[in-house]
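Please build the complex by placing chain B on the supplied structure of chain A, with the hints as guidance.
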Amino acid sequence: MAGYIMRRLLYMIPGFIGIILITFVLSRVLPGDPAVMIAGEQAPPDVVAKIRVDLGLDQPIYIQFMDYAKKLFQGDFGIAWHTGHTVLQDFASRFPATIELTLSSIFIAILVAIPVGIIAAVKKESILDHISRIFSLIGACVPLFWLGLMLIFLFYSKWDILPAPMGRISEGINPPTSITGLYLLDSLLSGDMIAFKDSLMHLILPAICLSTGTMAIIARMMRSSMLEVIGQDYIRTARAKGMRESQVIMKHALSNAFIPTLTLLGLQFGFLIGGAVITETIFSWPGVGGYITDSILSTDYAPIQAFTLISAIVFSLVNLIVDLLYGVLDPRIRYE
Amino acid sequence: MEPLLKVDDLRTQFHTDAGLVNVVDGVSLELKKGEILGVVGESGCGKSVTSLSVMQLLPKDISKVASGSITLEGQDILAMSPSRLRKMRGNQISMIFQEPMTSLNPVFKIGDQIMEAIRFHMKISKKEAKVYAIEMLKKVGISRPESVVDEYPHQLSGGMRQRVMIAIAMACEPKILIADEPTTALDVTIQAQILNLMRQLQQEKGTSIMLITHDLGIVAQMCDRVVVMYAGQVVEETDVKSLFKNPKHPYTKGLLASLPQLSGNQNKLKSIPGQVPALDEMPTGCRFAPRCEFRMDECDTSKPNLLNVAENHTCRCYLYQKEEIPS
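In the order they appear, the protein sequences are chains A and B.
As numbered in my numbering, residues 1 to 336 make up the first sequence, in order.
As numbered in my numbering, residues 1 to 327 make up the second sequence, in order.
Because the hints were derived from the structure by calculation, they are not lab data.
Bear in mind the structure is a predicted one, so any value in this text is a computation, not a measurement.
Yeah, the Cβ is synthetic: ideal placement off N, Cα and C, and Gly gets one too.
Please note that a few of the clues may not be correct.
[Said to hold, decoys possible] The calculated lysine-lysine pairs, modelled on BS3-like cross-linking and capped at a C-alpha distance of 25 Å, are:
hint, chain 1, residue 1, chain 2, residue 2
1, B, K322, B, K32
2, A, K123, B, K64
3, A, K251, B, K123
4, B, K123, B, K87
5, B, K270, B, K245
6, B, K6, B, K205
7, B, K253, B, K322
8, A, K123, B, K126
9, B, K64, B, K6
10, B, K6, B, K175
11, B, K87, B, K60
12, A, K251, B, K126
13, B, K130, A, K251
14, A, K251, B, K127
15, B, K87, A, K251
16, A, K251, B, K60
17, B, K33, B, K303
18, B, K139, A, K124
19, A, K70, A, K197
20, B, K60, B, K6
21, B, K64, B, K322
22, B, K64, A, K124
23, B, K109, A, K251
24, B, K270, B, K6
25, B, K139, B, K109
26, B, K64, B, K87
27, B, K205, B, K130
28, B, K127, B, K139
29, B, K138, B, K205
[Stated by the list, open to error] DEER-style ranges, computed between Cβ atoms:
hint, chain 1, residue 1, chain 2, residue 2, range
30, A, L9, B, S147, 27 to 37 Å
31, B, Q75, A, K197, 51 to 61 Å
32, A, F153, B, L78, 55 to 65 Å
33, B, I62, A, V25, 51 to 61 Å
34, A, I161, B, S81, 24 to 34 Å
35, B, I62, A, F153, 42 to 52 Å
36, B, A79, A, F135, 37 to 47 Å
37, A, L128, B, S147, 55 to 65 Å
38, B, S81, A, K123, 13 to 23 Å
Just chain A, with the same shape it has in the complex (with noise of 0.2 Å):
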């Protein structure tokens, strides 16, 4: 099982030089020069090339790449020009939003798409079956800005019943003591359930408007590896001792077509990811995703760099722990 996982990890290694290199390569391709972006369009000439110059810009590529992946080496991701601080204290003060979004998100997917997903294959071609398809339909189709943008038009515009899509909690509101960065846990530890409340009306919106793509793969994904199962020999074998409908379904069935299931939440954190950022935006969430909008838009290189390369390594061991989880669900798996 160590052995497994040390080998999984250092074949994650190459994959990230790799990601290192093609993020280096691409934001530099892009247009933009970061040092009339710091120096304001109005700004003359020599201005802009003693930034260039201080920056290291005006080095040849691989002199920069080989300064960017030695820095990386130290645990160093570099200064974000556009805030002037460090990449790493900017992440640390934004990442526990990003975190508590996406973490919400997948909990709301993961609780409405497998009841979805069983209720479909159990009651295969009703209405209900019919009615959760259309509802897939469109989850995985509608893009995340507009469905944002229609969230926050009727629930905060037209009928008022959600707070102004600013942040995670309302001015005036003191957030709850920091534990682990997440305003609802934290304020659920430290019983502030003003805190709670106020926090919780505002994460509703993006965390459902994130979780619907994802929510919408889950119930299909559910639903056809429910079928599958449910025509099993041994979901016969079930029936045949007497077991009530029910337990045969969410026993014997469920604890079978949950683990293609989870492969698919694995690599749906990757769309996450991708996904916070358009919502974060839309919501002026502050997370890492409104930060990296913001950095591609001023071309802040080592933001964009450093945020390519942490979603790539927590990808890389979400799915690892996902890998892991099977060894726990399905006894014929085993790491040697």
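Just chain B, lined up with the frame of chain A:
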């Protein structure tokens, strides 16, 4: 004596692309207490569907029992509520299947799968159930049962898994065991062990067994009485001795003739020409007529009934019309 299980004029239909078809068409059979009844026929003749109809385990969305009756000790199974059916399954009637490799749930321990049935039907504690499960495993001839209870199906061989299936099926001491080709997927030495085990348990507990098979060798070895099915119908029924000594129906004769013989000539094996008719293209007359070497004119035009051709011997064939004895 009232039979334990009585299937009367059962007609089970399936929705197919060609519309509703009768997969089982007017099957009647009886299972008496303590006997082993063989149900023989080639693939697709409706023997499994008959047994699944008895268990009410057919997929509801594509199949239904259209007419007929199935009674267990005088109680109408077709009229049972879902909860009554659950109490029957695994408790009064148990079933084992053809594929031991896939019949056990891969993600649960052997012990849990046995205990599930025990606890559901016998309402005993988890601890007692585990002791009982180990005892059952011992009874079906599994060595080191104490460790096998905590193992998963993939750690056992096919023969071991079928033993586990038998342990599950026999745990609640059912009156009837339906064994649907229980040894088809196993190799020959294991086959004999499993059959011996079934016979031994049957003799100990007096369980009635409905043994579905296409293997006449198994029938000869195990059964008291035999029902021969062809294309969804019973074509012959008698005790096992008469069947082998004095088969009546041309299909049964064909089946027996196609058995390889150890002694005598080494000629090519005989086979019955032609194929089983498709479900939606059943002949109007006798269903076996297109393949029958004794075919007469009336075979093509009208359906033969089951005739009493001798004592406790019925046959669905016009050849014996004159020999029929009043029942």
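**Asked** Is it true that the CA of K6/B sits at most 25 Å from the CA of K205/B?
**Response** 21 Å, holds
**Message:** Given the hint of 27 to 37 Å, is the C-beta distance from L9/A to S147/B inside that range or not?
**Reply:** At roughly 35 Å between Cβ atoms, S147/B and L9/A fall inside 27 to 37 Å, so the hint holds.
**Message:** Please verify whether K64/B and K322/B have alpha carbons no more than 25 Å apart.
**Reply:** The hint is violated at about 37 Å.
**Message:** For K60/B and K6/B, compute the direct alpha-carbon distance and say whether it is at most 25 Å.
**Reply:** Given that 25 Å is the threshold and the Cα spacing comes to 22 Å, the pair holds.
**Item:** Range hint 42 to 52 Å (beta carbons of I62/B and F153/A) holds or violated
**Value:** At roughly 46 Å between Cβ atoms, F153/A and I62/B fall inside 42 to 52 Å, so the hint holds.
**Message:** Just to be careful, I want the Cα atoms of K138/B and K205/B compared with a cutoff of 25 Å; is the pair within it?
**Reply:** 16 Å, holds
**Message:** Need the status of pair K322/B, K32/B: alpha-carbon distance at most 25 Å?
**Reply:** Violated: K322/B and K32/B sit about 30 Å apart, past 25 Å.
**Item:** Range hint 51 to 61 Å (beta carbons of Q75/B and K197/A) holds or violated
**Value:** Hint holds: Cβ distance 58 Å, inside 51 to 61 Å.
**Request:** Sort out whether K87/B lies within 25 Å of K64/B, counting only the CA atoms.
**Result:** 21 Å, holds
**Asked** CA of K123/B to CA of K87/B, is that 25 Å or under?
**Response** 12 Å, holds
**Asked** Are the Cα positions of K109/B and K251/A separated by 25 Å at most?
**Response** Holds, at about 13 Å.
**Prompt:** So the hint says 37 to 47 Å: do the beta-carbon atoms of A79/B and F135/A match that?
**Reply:** 39 Å, holds
Hint violations for this structure: numbers 1, 8, 17, 18, 19, 21, 24, 34 and 37, all remaining hints satisfied.
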